[in-house]
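*Asks:* Letter by letter, the sequence shown follows residues 481 to 975 of this note's numbering.
These are calculated hints, taken from the structure and not from any lab test. Values in this document were obtained by computation on a predicted structure and should not be read as measured data. For each residue, glycine too, the CB sits at the ideal point set by N, CA and C. Keep in mind that a hint or two might mislead.
As the list claims (entries may be wrong) - Straight line, CA to CA, 27 Å or less: simulated DSSO-like cross-link-like pairs of lysine-lysine:
(1) 800 to 762
(2) 679 to 557
(3) 490 to 557
(4) 557 to 568
(5) 632 to 697
To be verified - Label-pair distances were calculated between CB atoms; the ranges are:
(6) 679 to 699: 32 to 40 Å
(7) 687 to 560: 22 to 30 Å
(8) 780 to 497: 28 to 36 Å
(9) 969 to 897: 50 to 58 Å
(10) 879 to 679: 49 to 57 Å
(11) 879 to 739: 42 to 50 Å
(12) 768 to 666: 26 to 34 Å
(13) 891 to 497: 33 to 41 Å
(14) 692 to 664: 39 to 47 Å
(15) 699 to 892: 52 to 60 Å
(16) 635 to 876: 43 to 51 Å
(17) 768 to 506: 23 to 31 Å
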Amino acid sequence: MVDVAAERGKQLSSRTSEEGAGWTCAQIGTFAQLRPDKRGFSWLNLRTLWRSRNEVLAGLLGDPSGEVRARWVAAQKARGADPDFQVKAPAGGDFSFLVLGDTGEGDASQYAVVPGMLRIGEDTSFAVIASDVIYPTGSGNEYGDKFFRPYKDYDAPIYAVPGNHDWYDGLGGFMRVFCDAAPLKPKPDRGLRGLLWRKPETIDETRLTEARSLRGKPSQQAEQPGPYWVIESDALLIVGVDTGIRNVIDREQTAWLRRVSRDPRPKILVTGKPIYTANAYKPSALEDGGTIDDIVRDPAHRYVAAIGGDVHNYQRYPVKVGDRVIQYVVTGGAGAFMHATHTIRRVDVAGVHEDDFRCYPLRGDSLSFYSQMYARRLRMKWLRLTPDEAACIMAEQIGNQPVRSPSGPVPLTRRMRWAARLLGSWPWPLRLPVDRVFHRYLSELSDWDTPPFFKQFLHVAVTSQELTLRCFAATGCLAQELQPPLEDEVRISLA
Numbered sequence: 481m482v483d484v485a486a487e488r489g490k491q492l493s494s495r496t497s498e499e500g501a502g503w504t505c506a507q508i509g510t511f512a513q514l515r516p517d518k519r520g521f522s523w524l525n526l527r528t529l530w531r532s533r534n535e536v537l538a539g540l541l542g543d544p545s546g547e548v549r550a551r552w553v554a555a556q557k558a559r560g561a562d563p564d565f566q567v568k569a570p571a572g573g574d575f576s577f578l579v580l581g582d583t584g585e586g587d588a589s590q591y592a593v594v595p596g597m598l599r600i601g602e603d604t605s606f607a608v609i610a611s612d613v614i615y616p617t618g619s620g621n622e623y624g625d626k627f628f629r630p631y632k633d634y635d636a637p638i639y640a641v642p643g644n645h646d647w648y649d650g651l652g653g654f655m656r657v658f659c660d661a662a663p664l665k666p667k668p669d670r671g672l673r674g675l676l677w678r679k680p681e682t683i684d685e686t687r688l689t690e691a692r693s694l695r696g697k698p699s700q701q702a703e704q705p706g707p708y709w710v711i712e713s714d715a716l717l718i719v720g721v722d723t724g725i726r727n728v729i730d731r732e733q734t735a736w737l738r739r740v741s742r743d744p745r746p747k748i749l750v751t752g753k754p755i756y757t758a759n760a761y762k763p764s765a766l767e768d769g770g771t772i773d774d775i776v777r778d779p780a781h782r783y784v785a786a787i788g789g790d791v792h793n794y795q796r797y798p799v800k801v802g803d804r805v806i807q808y809v810v811t812g813g814a815g816a817f818m819h820a821t822h823t824i825r826r827v828d829v830a831g832v833h834e835d836d837f838r839c840y841p842l843r844g845d846s847l848s849f850y851s852q853m854y855a856r857r858l859r860m861k862w863l864r865l866t867p868d869e870a871a872c873i874m875a876e877q878i879g880n881q882p883v884r885s886p887s888g889p890v891p892l893t894r895r896m897r898w899a900a901r902l903l904g905s906w907p908w909p910l911r912l913p914v915d916r917v918f919h920r921y922l923s924e925l926s927d928w929d930t931p932p933f934f935k936q937f938l939h940v941a942v943t944s945q946e947l948t949l950r951c952f953a954a955t956g957c958l959a960q961e962l963q964p965p966l967e968d969e970v971r972i973s974l975a
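When you get a sec, could you build the whole thing from the sequences and use the hints?
*Replies:* Encoded structure:
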C-alpha cells in the first residue's frame, strides 16, 4: 500500500502543483472532527510563556537536566530496567515505522497530521516521537488531548525521546507516561534558580488513567526503559538520545551511546536536536568533550542517518563522510506551528550544495504563507505575495530555478522585493518575526489554525538490504488526507 501511495503522492505534492501544497483547499479535512474542542493551543498567553521559563533560566543560571536525568536513570535501573536500555519493539524481519517530531500542541495543526499518518502508517510496527511530545511544559496532565486522543486509532506502540519542552516539567510527565516511573523525590535547589525554576506538576492519576484508556489495546502498549533507548532489529538499530534543555549529552548517557554504537549493525540516530539545520552545523555537545556527531561519523559505528526534531519543518542534508553518505534530517513538523524555510540561505554546508538539499515546505510556499499571515494580521495588503510570486523571488535570491514551475510569467516588482525583505527572505535588520531568533520569544505570532498547515511526518521502511525514508505532507485539506503527498524520498543501502 505504501509504495502505491508513494508513487501517487509524488504526482500530488507541493513540488508539482499549488493544489498539492494545499493552496487551493476545496474542502477542509476530517481532522476538524477529531479535535476535542475548538479552543486549541495558543502562545498568546502570559501564563503559557511563564510556564515555559525554564529554557531561559537554564541558559542564564545553568541547566540541571543532566543531574536530574541521572536520577531518573538510577531509579529506572533500581526498578530492573535493562542496563542497555533496550526497547522490545515488534521489529522482526522486514518492517516499517513512523517518525513524528514536535507533536504536542493539541490544536488543529497537530490533529491535521493524524488522518494521513493513520493511512500511511496502517501496517507500521511502531512510531517514534522525536522531541517535544507535549507543549508548553510536558505536563503529565496534558497527555490526554495532546497524545492519547490524537493517536488513539494508531494500532501500534509509540516510543519517544524528550525535547526541551518535556524537560520544563523535570521530565515528570514524560517518565510517567512512557516509562511508568514514579515521581522523583524532591531535591532542594538553593539560590536564584531554585527560587524561580518551575517545579514538576503533580499528576492527576485518575485523569491519566482515563487518558490511557484511549490507547488501551494490547497492540498499542509500549513501555520504554528511560529517556534514551535502543530498538533492535536484525538489519538495523534505532538509537534514541535525550538532549535535555541545552543540547548536552551527560557522561552516563555518552558511555551508553558509545557502547551501543559499537554493535556492528547499521544504525539510525533519533535525537531531540538536529545536527544540521538552516544551513548550519549544530552537533550536540558531550559533557566529557567532543560531540554526538563524532560518534555518528565514526565509520565503525555504521550510522546511516541522524533524525532530529525541535525545528518545526523538514530538511535533509546528505553529507559525504569518507566513502559513505549520512542523511542528516530535520523532522519537527508533526504538530507545532511551522518554522519558516524561506530564511534558509543558499545551502553550502559540509559539502552539501543547494541541488542536493531538500526542505518542506518549499521556500516559496513558506514566504507566501508568512506574507499572507502578516498581511491579514497587520492589515497591510501590500505584504501579500502569491505562491508564484514568492517562488520566483526565492529563486532569484537563492540562485536556482523554482522547484514548482509558475503558472505563467511573474514580473517581480519593487513592492514584492521589499515585502520579501521585511519577511526575512534576505538578511535585513528590520524584519517581522519569522526566523528562529524571533521565534524563541515571539513564536506565538506564528501560530494558526487554518489550512494549509505544511505539516509532515516520516515513514521509514527497512529490509535486510535497504532503508527507504519518505517524508509525507499534511496540509489540513481533505484531498491530502485521502492521498498524502510525498515531498521527499531517499533510499539508503544497508549492505
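*Asks:* Against the 27 Å threshold, does the CA-CA distance of residue 557 and residue 568 hold or violate the hint?
*Replies:* 16 Å, holds
*Asks:* Just to be sure I understand the hint, the distance between the Cβ atoms of residue 768 and residue 506 should be within 23 to 31 Å; is that true here?
*Replies:* 56 Å, violated
*Asks:* Does the hinted range 52 to 60 Å hold for residue 699 and residue 892 at CB?
*Replies:* Given a distance of about 54 Å, which is inside 52 to 60 Å, the answer is holds.
*Asks:* Should the hint that residue 768 and residue 666 are 26 to 34 Å apart at their CB atoms be regarded as holding?
*Replies:* 28 Å, holds
*Asks:* In this structure, is the beta-carbon distance linking residue 679 and residue 699 contained in 32 to 40 Å?
*Replies:* About 36 Å separates the Cβ atoms of residue 679 and residue 699, which means 32 to 40 Å holds.
*Asks:* The hint says 43 to 51 Å between residue 635 and residue 876; measuring C-beta to C-beta, is that right?
*Replies:* Hint holds: Cβ distance 47 Å, inside 43 to 51 Å.
*Asks:* Do the Cβ positions of residue 692 and residue 664 conform to the proposed distance bound of 39 to 47 Å?
*Replies:* 21 Å, violated
*Asks:* Tell me if the beta carbons of residue 969 and residue 897 are separated by a distance inside 50 to 58 Å.
*Replies:* Violated: the Cβ-Cβ distance is about 34 Å, outside 50 to 58 Å.
*Asks:* Holds or violated: residue 490 with residue 557, Cα cutoff 27 Å?
*Replies:* 46 Å, violated
*Asks:* Holds or violated: the 49 to 57 Å window for the beta-carbon distance between residue 879 and residue 679?
*Replies:* 51 Å, holds
*Asks:* Holds or violated: residue 679 and residue 557, Cα atoms, limit 27 Å.
*Replies:* 24 Å, holds
*Asks:* Is the hinted range of 42 to 50 Å satisfied by the C-beta distance from residue 879 to residue 739?
*Replies:* At 45 Å between Cβs, range holds.
Violation of the numbered hints given earlier is confined to hints 3, 8, 9, 13, 14 and 17; the remaining hints are satisfied by the structure.
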